[in-house]
Amino acid sequence: MTASLKASIRKRLSDQFTLDVSLEAAPGITIVFGASGSGKSTLLRCLSGLVAPDSGHIAIGATTLFDAESGRHVPASQRRIGYVFQQLALFPHLSVAANMAYGVPHLSADERRRRITSTAERFRIGHLLDRKPRAISGGERQRAALARALVTDPQVLLLDEPLTGLDHATQSLIIDDLRAWNAAHDIPVLYVTHSHREVFALGERVLVFEDGRVLAADTPQEVMNAPAHETLAQLAGFENFFTATVTAKRPDAGVMQCRIDGTATELEIPLADTAVGSPVRLAIRAGDILLANEQPRGLSARNVLHGTLIFTVREGATVVARVDAGVCFTVHLTPSAVETLHLRQKSPVWLIVKTHSCRLVAL
Amino acid sequence: MDWTAIALSIRLATIVALILLVLGLPIAYWLTFSRWRGKFLIEAVVALPLVLPPTVLGLYVLLAIGTQSPVGRLWTAWTGHGLAFTFEALVLASILYSLPFAVQPIAAAFAQVDVSLLEASSTLGASRWRTFIRVLVPLSIDGIVTGTVLSFAHTLGEFGVVLMVGGNLPGVTRTVSIAIYDQVQGFQYAAANQTALLLLVFSFAVLASVYAILRKPWSVAALP
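So the protein lines, in turn, are chains A and B.
Oh and the first sequence: position 31 is 17 in our numbering, straight run, nothing missing.
With positions in the second sequence counted from 1, the corresponding number in our numbering is that position plus 4.
Please keep in mind that the hints were generated in silico from the structure rather than gathered at the bench.
Predicted model only: the values in this text are computed from it and were never measured.
Every residue gets a Cβ at the ideal spot worked out from N, C-alpha and C, and that includes glycine.
Among the hints, a few may not be true.
[As the list claims (entries may be wrong)] Below, a sample of chain B positions facing chain A; criterion: calculated Cβ distance under 10 Å:
id: 1; residue: L25
id: 2; residue: A130
id: 3; residue: R138
id: 4; residue: L143
Chain A with its partners taken away, still in its complex shape (with noise of 0.2 Å):
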């Protein structure tokens, strides 16, 4: 059975950023969500003993590996503690077996070798062993990172945006293997993002920073679809954000009508416990709003907004709209679809907006 990490440090980098964190992290992944600049990189740092932190406790079950109090600080070649760097620190003089080798010094020259073959074969790597860095691929490259970090047999696994630059396809089988080495394994993962699709494709549970504290630690369904703060809708991939004032209440329907401040624009949103006249704050996705070409009908969503588009632009496999419907709405589209519903600048549209897309946050 392995341990739980549980660190709770403090770090002033200047007078402006503190990191200030508690954090418990179980066997599996934990992700750590953040923009960039929040300390999330802080946070790895100080928990790989790369950094001292000023005052706090680290420890991984029952072993302390910072104390502040009584001044113990175990060195981060001590710390068994598996580091994955955003720039994945391949020592580029080695072969991806010598890399991998390089934390297992201690082991017979036979073990060496099996324990590198069944780590390279689990992270597919195994026919590149005699490579260098620099002939393999990016994807290889992430591989043999995180096959040099876990050869050494970790008790905690840090994983610094290893994925970062990677298309998604890629992304997701790397993924994959490593949930089925934790799987065998079962170490507490902490797994830096800022990437909001990477959280719902890995972690059990989300640990969200901001500013260098926790702003929510919880499953990713509940911090992503429920956000409780604008900072985290943001993160969580909410575009669209309105001030609006409550018209009117139907708790019979769980509903109630809002109107966005400075416009006549009215949208219908979940009930909450907000009296009418008091103001709310919006939160809408921009893939949640539907775009039309004209005026729908017979449609379940309440929310239907005559505008005008103002301009598109691609952006990937995304297209990304804005249209003036009394504000300015953000709604993201497919290229097929600007293309089937022949959308030009100054075209005039309908945004359709389910009453359960209009999320509340706090103001």
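Chain A is already provided as a structure; the job is to place chain B on it using the hints.
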């Protein structure tokens, strides 16, 4: 041709280059990674021989190893003879004189190594020493070779410091540069010319082969 002087110069330069390799690595390591606020003082001391006239350095070394100085007295008590005007004194002075030529390229190479590689090494359980030997040195090998070759070549060509500290004793302290100076003073221009040409060709050959090795033209083709 003064073969004794040439052999002496090569022996001196080889010994000095090897000692500076051993000394230069830890000094360069400290200069690169120390966070001490007074580090600039040590950097200035290491770089001093670059700007100081060799006669000034030579004079201080001579005073420091003279029979009246603690170092000189200790040496005399230990070996039975004085340190000034000996081959050992030349080695000592040359180490000081060529120090920046060894330390600076090595320190520059250390600073070029990606810090995350050193951090990765420690998270993989390696001690600082193992990180130094297995990661830092192999990745800085260009700077280490350059520093060693430069200190060799610089020692080979020195004149002022040798004259001040070693004098001009054939087979003991008379290096090639002193021999050439002697030959010119004695109007033996042909002999001076021959020795000078030999030194020129030798120095060029050493530097050219090092730069050729560091360029590794054959490995460029192997890049993906």
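A quick look at each hint next to the structure:
no.: 1; hint: L25; result: violated, 20 Å
no.: 2; hint: A130; result: holds, 6 Å
no.: 3; hint: R138; result: holds, 7 Å
no.: 4; hint: L143; result: holds, 6 Å
Checked against the numbered hints given earlier, this structure breaks only hint 1.
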